Amino acid sequence: MLAKILNYINTSEKRINIISLFLAIVTGLLFGLVIMIIVSPRDSFPAFLTILTGGFRDIGRVLEIATPLIFTGLSVGFAFKTGLFNIGAPGQLMIGAISAIYIGVRVTFLPAPIHWIVAVLCAGLAGALWGAIPGILKAYRNVNEVVATIMMNYISLYFVSYAVEYQLYDLKNARSLTVAKSAQLPYLGLDKIFTPNTVNFGFILAIIAIVIIYIILEKTTFGFELKAVGFNQHSSKYAGVNDKKGIIMAMLISGLLSGLAGAAIYLTDSFGRHLETTEILIAEGFNGIPVALIGFSNPIGIFFSAIFIGFIELGGFYMQRYDLAPEIIDIIIASIIYFSALLILFRGIIIRLLKHNRFKHKKREEEDG
Amino acid sequence: MDNLPFIIQQMMYFSIPLLVVALGGMFSERSGVVNIALEGIMLFGAFVGVIVVYYIQSTLTGDLLNSVAYAQRVLVYGVLVSGFAGAVFTILHAYASINMRADQIISGTALNLFAPALAIFVARSFAFTNYTQQVSFRRKSFLIRKVPYLGDIPIIGKLLFQNIYITTFIGIGILIISSIILYKTRFGLRLRSCGEHPHAAAAAGINVKMIRYAGVIISGFLGGIGGFTLIVTTTTQFNATVSGYGFLALAVLIFGQWKPGKILLAALFFGLMKTIASAYSLVPLIKDLRLPSQYYKMIPFIATLILLAFTSVKSQAPKAAGEIYDVGKR
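Those protein sequences? They're chains X and C, same order as listed.
Going from the first sequence to this note's numbering is simple: count from 1 and add 26.
Going from the second sequence to this note's numbering is simple: count from 1 and add 1.
Check each hint, because a few of them may be wrong.
Said to hold, decoys possible - Here are the simulated lysine to aspartate or glutamate pairs, EDC-like style, with alpha carbons at most 20 Å apart:
hint, chain 1, residue 1, chain 2, residue 2
1, C, Lys210, C, Asp64
2, X, Lys253, C, Glu324
3, X, Lys253, C, Glu197
4, C, Lys315, C, Glu197
5, X, Lys218, X, Glu392
6, X, Lys40, C, Asp104
Unchecked claim - Cβ pair distances, simulated, as ranges:
hint, chain 1, residue 1, chain 2, residue 2, range
7, C, Val328, X, Ala200, 56 to 66 Å
8, C, Gln73, X, Pro72, 41 to 51 Å
9, C, Arg102, X, Leu75, 44 to 54 Å
10, X, Glu302, C, Arg187, 29 to 39 Å
11, C, Thr237, X, Phe330, 18 to 28 Å
12, X, Asn258, C, Arg102, 13 to 23 Å
13, X, Pro72, C, Tyr296, 42 to 52 Å
14, C, Val328, X, Val144, 33 to 43 Å
15, C, Asn100, X, Phe330, 24 to 34 Å
16, C, Arg102, X, Lys207, 24 to 34 Å
17, C, Leu5, X, Pro67, 51 to 61 Å
18, C, Arg102, X, Thr246, 48 to 58 Å
Unchecked claim - If you want the footprint, here are the derived chain X segments under chain C, 3+ residues with CB under 8 Å:
hint, stretch
19, 173-181
20, 243-250
21, 266-278
22, 288-294
23, 306-319
It should be emphasised that the hints constitute simulated quantities derived from the structure, not laboratory data.
Being a predicted model, the structure only gives us computed values, none of them experimental.
Note that the Cβ used here is the ideal one computed from N, Cα and C, for glycine as well.
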């Protein structure tokens, strides 16, 4: 298995990057452990063990947590690949969610399969629109996309709060109304595999999204042009790429992916999650950033990093029975991101180690021979 | 117009933190390091400052507890501690982006993620108030009802020297000092040159890394103060968030074109927008629109977007901001 993976990582450049990321993850986890030891020496080791293994207790739940993270991770990662920092995933997610819920609650004349498909599509479209606005501002008015997407987050936040309170309010439960049965995402047999039936079509859609984004980025001229704009806007413009269109399209696709995350979370039955009027940005949106960063903005890497984060988040949930706050998980994730920013440090260590090993190897060969 | 003094006072509560934090961002970005971590730095500074205030206040009894004069001292301690905490926290960003040549956006994001997690975790672990994440403090005695003498000046006195916090004067002091440092000192000139053309600066014998460290650490100091100021003057408890003010400060910085004077105007504008959003019922014309409250809350953000669309085209961003300084690249 390991040999297969190493074989796949054929170039040494890639291999060093992945090993150093692995080191960053280990360092981040150890850093979390140190903090846990400081806070609660007695409970720290069993609690840490729960973080590392708790995810195995309910793989279905891990996939459920990971599904929206795959979408927002792809969203942030796709924008990253094209040189843009889309910090607006929470807003795009929420506007997608409210669109999906609106269709799910109000447009009930549609028959079953069409109803949820329309709801999902509308979520994507709303997210795409929400992403495209900062894209247009960036392309034509040179507005910093970080600031613009954050402003869009807050506009979305208050709009969603308004829409829930005045249009889609479930008075009894103080939350948004539950979507009609025909608008809930189907299980497609996944409920037979994962017994507490939480994994639904959303996960499959996430996999499809990964494949499509991979193809766009790696196999099409369009994706190549987007990456070229991200690498150097001026020289790609000189080479005949429509840079303005590239920026807008990149933000549009990025927003679309985050919008789909909204559909994946909220097109569920009455036991699932619902939007509230608390005016808090949805965490999955921001968590797309660490997912994308840990996954090197690579669609396949994002899949694994979303699963990883879902895994330790569930572990953190189970850890709560010890006397430790679950925010330790966020501390661990943040420190992993920080350590992965110090990639050059880890790279240096690895290269030195590799050289050292080779040197030792050579020496041994000389001694033997 | 009876409400005008109230609106101006409210505006100052929102504007001063934005001003201080945006000035911090200015020092970092003009030295060539993009500081997207302002949000996290504000939060961290506010957290440490509020804890200190909480502890000092919990030891006070009797007259001292309600004494406005003593409260000012507590507030100044809080400001200093939060600034120091912010500066120390920012060293992480400086180390990653200057020594380790890390992507400044990634390192800044890490700090933004780290600060709230740490604040909630520490607050819950040490349970300042029964296992919740809030840290409460007494705000009442911080407020200066009327500055002696100055508060009696007609009109201006009522607008600027009544119902005010000492942090407002600290903020204005920081603005003046920052402008002098940036434009009238050798350090300021060196800082600006590092942000425009670090290789030329290095050729002139300037230690680019040192200057950038100084710029980033100053931004942390001011960011921490700004975060503390925001929390102490607008709420009575710290809930592990500065509600996007760090990012708003970034917008102020960009809108202010990385210049102290324009940053002041931008901060005042945002403060006014925020005041309209939170106290719209006091402004007759706006109140008559009778919209749901959420629409008023959107105003500052929509206004920011529109203004940025008009002012960003001729952006005067420091040329080398965000670029890694690599000696071998010359």
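To see whether the hints hold, each was checked on the structure:
Between Lys210/C and Asp64/C the CA atoms are separated by roughly 50 Å; this puts the pair beyond 20 Å, and the hint is violated. Taking the CA atoms of Lys253/X and Glu324/C, the gap is about 19 Å. The hint holds against a cut of 20 Å. Restraint check: the Cα-Cα separation between Lys253/X and Glu197/C comes to about 27 Å, which exceeds 20 Å; the hinted pair is violated. For the hint linking Lys315/C to Glu197/C, the alpha-carbon distance of about 16 Å falls within 20 Å, and the restraint holds.
A threshold of 20 Å between alpha carbons decides the hint, and for Lys218/X with Glu392/X the separation of about 60 Å lies outside it, so the pair is violated. For the hint pairing Lys40/X with Asp104/C, the CA-to-CA distance comes to about 18 Å; that is within 20 Å, so the pair holds. Between Val328/C and Ala200/X, the C-beta spacing of about 59 Å keeps the proposed range 56 to 66 Å intact. For Gln73/C paired with Pro72/X, a C-beta distance near 48 Å keeps the hint of 41 to 51 Å intact.
A hinted range of 44 to 54 Å for the beta carbons of Arg102/C and Leu75/X is inconsistent with their spacing of about 36 Å. Taking the beta carbon of each, Glu302/X and Arg187/C are about 55 Å apart, not inside 29 to 39 Å as hinted. Separation of Thr237/C from Phe330/X is about 44 Å and departs from the stated range, judged on CB atoms against 18 to 28 Å. For Asn258/X and Arg102/C, the Cβ-Cβ distance of about 19 Å falls inside the hinted range of 13 to 23 Å, so the restraint holds.
One distance hint, 42 to 52 Å for the beta-carbon pair Pro72/X and Tyr296/C, holds here, with the actual separation near 50 Å. Between Val328/C and Val144/X the CB atoms are about 57 Å apart, so this pair departs from the stated range of 33 to 43 Å. The beta-carbon spacing between Asn100/C and Phe330/X, approximately 30 Å, falls within the hinted interval of 24 to 34 Å. Range check, Arg102/C to Lys207/X: about 55 Å between beta-carbon atoms, so the 24 to 34 Å window is missed.
Judged by the Cβ atoms, the range 51 to 61 Å given for Leu5/C and Pro67/X holds: they are separated by roughly 58 Å. Evaluation of the 48 to 58 Å hint for Arg102/C and Thr246/X yields a failure: the beta carbon distance comes to about 32 Å. Three residues within the 8 Å Cβ limit are the bar, and the stretch 173-181 of chain X against chain C gives 8, so the coverage statement holds. Counting residues of the stretch 243-250 of chain X whose beta-carbon sits less than 8 Å from any beta-carbon of chain C gives 0, not enough to reach three: the coverage restraint is violated.
Coverage of the stretch 266-278 of chain X by chain C is violated. Counting CB-CB distances below 8 Å, 0 residues qualify, and the rule asks for three or more. With 0 residues carrying a beta carbon less than 8 Å from a beta carbon of chain C, the stretch 288-294 of chain X misses the three-residue requirement, and the given coverage is violated. For the stretch 306-319 of chain X, the assignment as covered by chain C holds, since 4 residues bring a beta-carbon within under 8 Å of that chain's beta-carbons and 3 suffice.
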